[in-house]
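2 protein chains.
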Amino acid sequence: MKSSLVRISTPFVVFLGDIKDEIYGKTGFGVVQWRGTECVGQVRLPGCRVDTGVPDCDIAAARAAGAKSFIIGSAAVGGRIPSSWVASLREAAAAGLDIVAGLHVRLEDLEGLADAARRGGSRLINVRVPPAELPVGTGRKRTGRRLLTVGTDCACGKKYTALALARDLKRRGVRSTFRATGQTGIMIAGEGMPIDAVVADFVTGAAELLSPDNTPDHWDVVEGQGALFHPGYLQVTVGLLVGSQPDAFVVCHDPLRTSVEGWEAFPLPTPMAVIERATSLGRLTNPGIRCVGVALNTSKADPAERDRLLASYARQTGLPCVDPIATGTDAIVSRLLQEFPAPQE
Amino acid sequence: MKSSLVRISTPFVVFLGDIKDEIYGKTGFGVVQWRGTECVGQVRLPGCRVDTGVPDCDIAAARAAGAKSFIIGSAAVGGRIPSSWVASLREAAAAGLDIVAGLHVRLEDLEGLADAARRGGSRLINVRVPPAELPVGTGRKRTGRRLLTVGTDCACGKKYTALALARDLKRRGVRSTFRATGQTGIMIAGEGMPIDAVVADFVTGAAELLSPDNTPDHWDVVEGQGALFHPGYLQVTVGLLVGSQPDAFVVCHDPLRTSVEGWEAFPLPTPMAVIERATSLGRLTNPGIRCVGVALNTSKADPAERDRLLASYARQTGLPCVDPIATGTDAIVSRLLQEFPAPQE
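Protein chains in written order, with the working numbering: chain A, 3 to 347; chain B, 3 to 347.
Please keep in mind that the hints were generated in silico from the structure rather than gathered at the bench.
It does not matter which identical chain is used: a pair holds within one copy or between any two.
Taking lysine to aspartate or glutamate and the EDC-like style, the derived pairs with C-alpha atoms no more than 20 Å apart in a straight line are:
| # | residue 1 | residue 2 |
| --- | --- | --- |
| 1 | K143 | E266 |
| 2 | K143 | E263 |
| 3 | K70 | E110 |
| 4 | K302 | D256 |
| 5 | K28 | D58 |
| 6 | K28 | E193 |
| 7 | K70 | E193 |
| 8 | K172 | D219 |
| 9 | K28 | D53 |
| 10 | K302 | E263 |
Keep in mind it's a predicted model, so treat the numbers as computed, not measured.
So that you can see chain A by itself, here it is in the shape it has in the complex (with noise of 0.2 Å):
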């Protein structure tokens, strides 16, 4: 079996469950956000409070227009799956829909769903679950041109900023690819490495996998994972930063977190000491590679407070800072493509 990403067909519906707050649809308005076209609705169950905006349709309506896959948006409270879901599942798989997900539970393991997909010729797509037969890392260059978001932290905007900075190089006329590695950046990519579930032997290899040649204008915008100072995860972001070799890389960080999320005993880095590290590291495979930015989550400071971190943080660094939300990335892909010209035909 020759290996490849984990793939999901398109279009798609979301699925929502019955859940009460947004805070468990994330992944679900995520998609709906950044892969909005080729979303053909949601299907909500009664008693649903969330709405992500696309048209309302049932499994019928939504297999009518066109819809490949059924994508699980929602967690369920405690990460167990409620029946009342399974029986949609069990419904859109008969109905021909592959089901995704990024769960926990395997959706071979929920009541007769295998069976259900069976009979509908549909998949089960575990996002979570990486491709078998992964290569070894090579370290050998590839064509085209990678940019990697790296952050001081887990879960500090590493995925938004790279689909940021991918949509913003494409609205400059740069062919660009956002490349995911976490469950939600699989959904919303519709392709991806799910890096952290890798086996460990084979994370540098299934990173070079996610990012192959390509011509020399185009630019993969790579999800970073984990953090370099991360006592628990710090291998998979070394892996993923050797194994994408890339050219550029931005700095993703929360200014007000003063402890690794979770791990309080360990201080957060700097920005500084997160782009030392990862250009000491990276020169591996790419001895050209540089910071081109700082990405900051300002979303708990107001607008005053806002422009002072941006300020104090480009001053620092002596590089362009954003909050990709706030402010979009344009002073950082201005920055990337100053550094990295568009090569002469």
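Add chain B to chain A, keeping to what the hints say.
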């Protein structure tokens, strides 16, 4: 299920199949060399031309001598298991011996073996398969002391150096335990963690589990894996380093190599470069980490050349430099005990 290490019952008998060349019996020679007192003998098939030096026996005699495990100490050419070997495995499993293998094929997939194990009440132990339910690394400081062997490349003496250091510490009256991270090491130690087969997210946690809290005077000597400047495997090394949180490390180096074996585009790093990198990465979980010596593999050098090499690396690094096979590790052990005096009662 509480997660734990891969564990092998003793005493054991070593199985060599019908191999013709010692190179295919490295595991068998390793377990006999390092664990001979727990080995009741060797089982060889007709045509075998390799001898580990322990008494020949058949499966019934091994059982009668108290053997609890049947360790496959040889690899077949091409990685497959010949059917003549499988017959012996079935016989041993049916006789109640645990079958222990570090092969790429799973023992469960060999014809009739699972049935034989059920009949005999024996276990099939694939030492390449990590335990289930591993934890995420916490970074919490553990009691007791730890030393890790760190290579400038793969296959340059990390296992042998760790075994020799643990043995030589014991000879000085210092409590120490060899902690195995690879298949042969696990067979020698009787337990361990196949660290490169662990899912990426859990490498630091698996390393923490491997060397738990201990008394303040005790040294865990952890077998290193991979290499910090290795484009394929560095993520394994980094996770093992940070999860082991070693107080001390020893750099293992083959002075005749010029590039990473099998990755010829990558120059071999110097021991000094590895010392700097391991120190800066290891500080995350142990700010006092330091290098206490260099172990060279000089097996291809004549005695004069060996002396010249040892002196040269000692000068470059300012550290004791040994060849564990040719000179023993005493110089490093002395340095270690000087840097880390026994705690006062």
